[in-house]
Structures are given as C-alpha cells and as structure tokens.
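Protein chains in written order, with this note's numbering: chain L, 1 to 232; chain W, 1001 to 1402.
Think of the hints as simulated: they come from the structure by calculation, not from any bench.
Do not rely on the hints blindly, as some may be mistaken.
[Said to hold, decoys possible] From the structure, some residues in chain W lie toward chain L, with a derived Cβ separation under 10 angstroms: (1) E1148; (2) G1307; (3) E1308; (4) A1317.
What you are looking at is a predicted structure, and each value in this text was computed from that prediction instead of being measured.
Glycine is no exception: its CB is placed at the ideal position from the N, C-alpha and C atoms.
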Amino acid sequence: MPLIELAAIERRFLLGDTTVRALTGLDLRIDAGEYVAVMGPSGSGKSTLLNLLGLLDRPNEGSYRLEGRDVTTLSPDELAGVRSRRIGFVFQSFHLVPRLSAAENIALPMTLAGIPLPERRQRVARALQDFGLANRADHKPDQLSGGQRQRVAIARATIMQPALILADEPTGNLDRHTGDEVVNLLETLNAGGVTLIVVTHDQGMGARARRQLVMEDGHLQYDSGQNAHARR
Amino acid sequence: MRAADILRFARDAAAGYPMRTSLSVLAMSIGVAAVVVLTALGDGARRYVVGQFSSLGTNLVIVLPGRSGTGGFNPANAITSTPRDLTVDDAASLRRLPGARRIAPLAVGTSEISYGGKLREVMVAGATAEFIPIRNFELAQGLGLPDEDWNRGSPVAVIGAKIHEELFGNAPAIGRLVRVGDRRLRVVGVLKPIGQGLGMNTDELVIIPVSLAQAMFDSNTLFRIMIEASSREAIPATKEQVTAMLKQRHRGEEDVTVITQDAVLATFDKLLGALTLGVAGIAAISLAVAGILVMNVMLVAVTQRTGEIGLLKALGASARTIRLAFLAEAAMLSAVGALLGYLLGQLGAFALRQFFPVFPAYPPDWAVIAALGTALATGLLFGVMPARRAARLDPVQALMKR
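With the sequences and hints as input, model every part of the structure.
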C-alpha cells in the first residue's frame, strides 16, 4: 500500500527576478514501511522534497497523496493536524527548545496536541526508558551530549507514533560513532514498521538504506527502487 | 493545546529571557504605580478640601442677611431698599420647617475675656444649644449651652481649647466665673481643640447665648442662621422653604441670601475630581508607553524565537496555538507588571501618608481598576500584532533560522 504518492510535482522559488525550479516533474511512490535515503549535491532539491513530504511546504503544481488522501488542498491548520499525528521530524541541528528539559522536549508534540498530562507523563517515561535517557530526563539540552540530544529529538519525533519519520542529515552534527548509534536507532524504528526517509550527504549512510534516491537539479536522477516498482 | 499548557509554556518562555522580561515588567509597573500614586495625590487633595468643608457641619443651609443676587422688580423694593434685619425671631420661625432638623442663629462680635488678672481679646459667637452639634464641635469637658428660650440668655459660656489653656492652664475651668465684655459668665463647657476651620479659629472662640451676645453688641441683627437639613437629599427643599418663609416674614421682600454648603462643596469636589482625572490621564500615557514597550519586547521575542516557532509548527502546532502562546506571554508580562505596579503604587501612597499625615492620599478605586484594566488591555492589544506575526511565519523559512 503506498504511503506517499507524488505526481508531476513542481516547486518554484522566486529569487530576485529569476525563477528557480527546486523540483520539477517529480513522480514518486513510497510504500509504508520503506527505508529510503535521499541523496544528491547541495541545491539538488533534497531539502525542498523533504519539506514538501513533511507538509511544511506546498507544491506549485502536481498532487501529493499521503495515505491515499490528497493533502495539497488542505488548510494550514489541517496540515498542522496531519503533521502532529502522522509525521515525525528529525533535524540536523536537533532543534530542541533550550529552556525545556529533555522530558519536556519529548512531550512537546503531545502538549501541542492537547493530550492529557497523565498520559503524557506515562508515554514520556516509556520513551526515556526506550531511548536510554532515563537519567537525563531533567537535563536541559545544553547539559546533554550531541548523541543524547539527537536521541531526545528522535524520541520527540516518535512520541506521537507517526507513520512517517523524516530525517534531515540526522548525523550531520555528530561524530562517526554517535552517528552510527543514531542511525541504528532510526533503523530499529523502521524495523518496527515506521516509514523512514533520510536526507544525507553521507554515501555510507545512504548505502544502508534499502532504497536510494539521487536528486539532481530538481528531478529524480536515480531511484534504486524503480525497477522493483516497475516489476510489480 | 490545553490552556494550562499554554500558560506554562508562556511562563517558561518569559522566564527564559530574564533581562528582557524584567525590563518590560518594570516599565509596566512604573506606569501603573504612577497612576496609583498620582491619583492618590489628586484624590487626597480633594478629600482634604472636602474634609475641611465638612468640618463646618453636615447638610448645612446658611442664611446671610442682605441680597447678593439681582432679582426682578419687586414692589416692596420701591418702598424700602434697606434690608431688614435678620432676627432671632426669624430664626425661630424656621424651626417649624419640615426639612430642618436643627437651627442655630449666630451673632458674632469681638470682645475681651478676663479671668484671674489675665485678659485677652476673643471672638464671641452668640448662638443656641444646637450650634455645637450643627458645627460638629465636640466638648472636652462640661456641657454645651442650655436648651432654653432663645430670648432668655443665661449667663453662661462655652470656651475654646486655646482660651481654656491661656486663662486656666491646667486648673479646672468648669463652674468658674469669667468676665466677657461687661458681663460675668459661668464657664459650663470647654471645646475640644479643632484648629482652623475656614477663617474662624474655633480654639479661640467663646460661645454664649445669642440674646446675651445681641445685648452685649447692642445689635438686633444676626450674622448668620445655620440650618441643618434632615438629609443630603432634603437640602434643596429646605433651601426653598427657608427662602419662602423669610420672604413671607419680610413682607414679600427677598432680602436674604440662602446658600448651601452642598453647592460650595460640590464645586470644589468637581474641580478637584477633574484635576485627579487629568493627572490620571497624564499618568495613563506612561501606561500606553509601557504597552508599546511590551509590543516591542514581544516583536523581539518573535524574531529571536523564529526557529522555535518553525519547530512548533513542524511538530503540529496550529496557528491559533502559536498566537495564543505569544498572546499569553504578553498578557503575563503586563499582568505581572500591573500587579507589581499596584503594590508599588500602594507603597508610594502609604509613604505619602506617613510623611503627610493630614493628607488622606488614598488612590480612588476607579483609578486602581482603570490602571490595572488599561495595563492588561494595552498589554493584550499590543501583544496581538507580534502574536499574529509569529502565527503567520512560514515554517520552512522559520526552521532555517537558528
């Protein structure tokens, strides 16, 4: 069953008086449970694609169906609702709220969604346990190591049990060892059934994914899964 | 997002930038404190003046001989233009009026008082028993004038506190005979010290029966007739009745002037009330300035926390949630500022009262409510724009800023 279906996506930006085609003529289908790496040089449209998939941005043309539902026509608040329940984000620079503790950062999506406090406490406690952060619950982000911060961010991304996790260079700010740990963590989540899409410059990390997409100049230059899909 | 969570989030956000938060709270509190202290000053002045007037007595209607206003042509004026005397009988006739509770005729003159070889000049007030309660005088010792026929005039006197002190020192005065003018009078009462009350120093006053005073000064006319109306509402009616009665007694000629203390008081009240309002208005400008400062602080907060706003949007916060969070933060800044300012203002007013005990510097309730209300309203009003700006941020752009 397709989780994501993109058809003839166009995304243009106006830079000064020239139009930049960040994405053009993009068709893409990603099934639920896949593990996809998006690679390509800077400016190839990787991040634009990720923002689009994460409903943070809209295409100028084309259709995007998420879980069978056309999301290009939804209002901003409806999009926020879908992001809240279905999509988790992991950023290169972690994006933790500096004044909130690890536990509060993890709870933030639930807080925003208005989930009652007792349930929040319970789920955060479990997440802290699962991600090996139990003794870091009350630490502020600046008291955590890079790996711990990214683990907090991943815990936050999964706390609403989304169908899709979008990771933008999740290891970009980490050394190789902690980076590997974070990748293992994400792969474990994927093994649990969550669709994982990772944007990365790192060839090694890209190679670990089961499907590789290579972007260039706003269109898909290579898709290792194309044959598989075509065969089906 | 739940209301409690929004409040907690806003509180943490405000606490996360202590310098900026405390400065805007300070500005707001100075604004509110200024309103509270300045209106306390203005209203204190009003109360002080009103208090001075009220020491004259309550609900007073005062009759003066002679006409000050210009009336129309009156046939009586053609015959005689000299005003008739205002007599004790005139005063007595007013006793029958329904609106008048107490009547006191008043004849005034200066004379000498002597006792035990000491002599000084005094102001003598010829009055009746009800004069003392009408003027709100209180007795330190003894009794007031006897309640007797107004024409009888027992040889007694009530003396002011300063007279008592100068003539008798610490010795008892009640029952002693003093000489006032050419009369020997028995001291029956001593007034409590009151101080200056509108040009007449009551501490240096000697009160004697009115008929005695008229005989002493060889005069038939009264200086004033003081009437205490039965209530504040009865004052206008009483004034009418008094005017009508005296006009009738004076053969249709309106040759007296009737004034009410109420009218004089109301004028001062209005005047000083307007002054207080003006001062409050000036102080309110500082509130508006504080409101703009809160807006500025919130705009800086939106710029500074752009990345965070982007994150919140990515995590599924609706525009409404972000708007509410920033609005709550602005409201919190102004609410804490207003509360702090209220306490500061009350402290200031308290200090004023400590330094100037005669000056009742209490901020009026309306000013306190208006100051707190304005502070909260401006805080919210000026918080709307930054909050909307935050809610409208594009999540992709916002996330790129860090």
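Given hint E1148 (chain W) near chain L, where the shortest CB pair must fall under 10 angstroms: E1148 (chain W) check fails; min Cβ-Cβ to chain L is 83 angstroms, beyond 10 angstroms.
Chain L contact restraint on G1307 (chain W) - CB to CB distance below 10 angstroms: holds (7 angstroms)
Restraint satisfaction for A1317 (chain W) [CB to CB of chain L, less than 10 angstroms]: Holds, about 5 angstroms.
Hint validity - E1308 (chain W) Cβ closer than 10 angstroms to any chain L Cβ: holds (6 angstroms)
Hint compliance for this structure: hint 1 is the single one not met.
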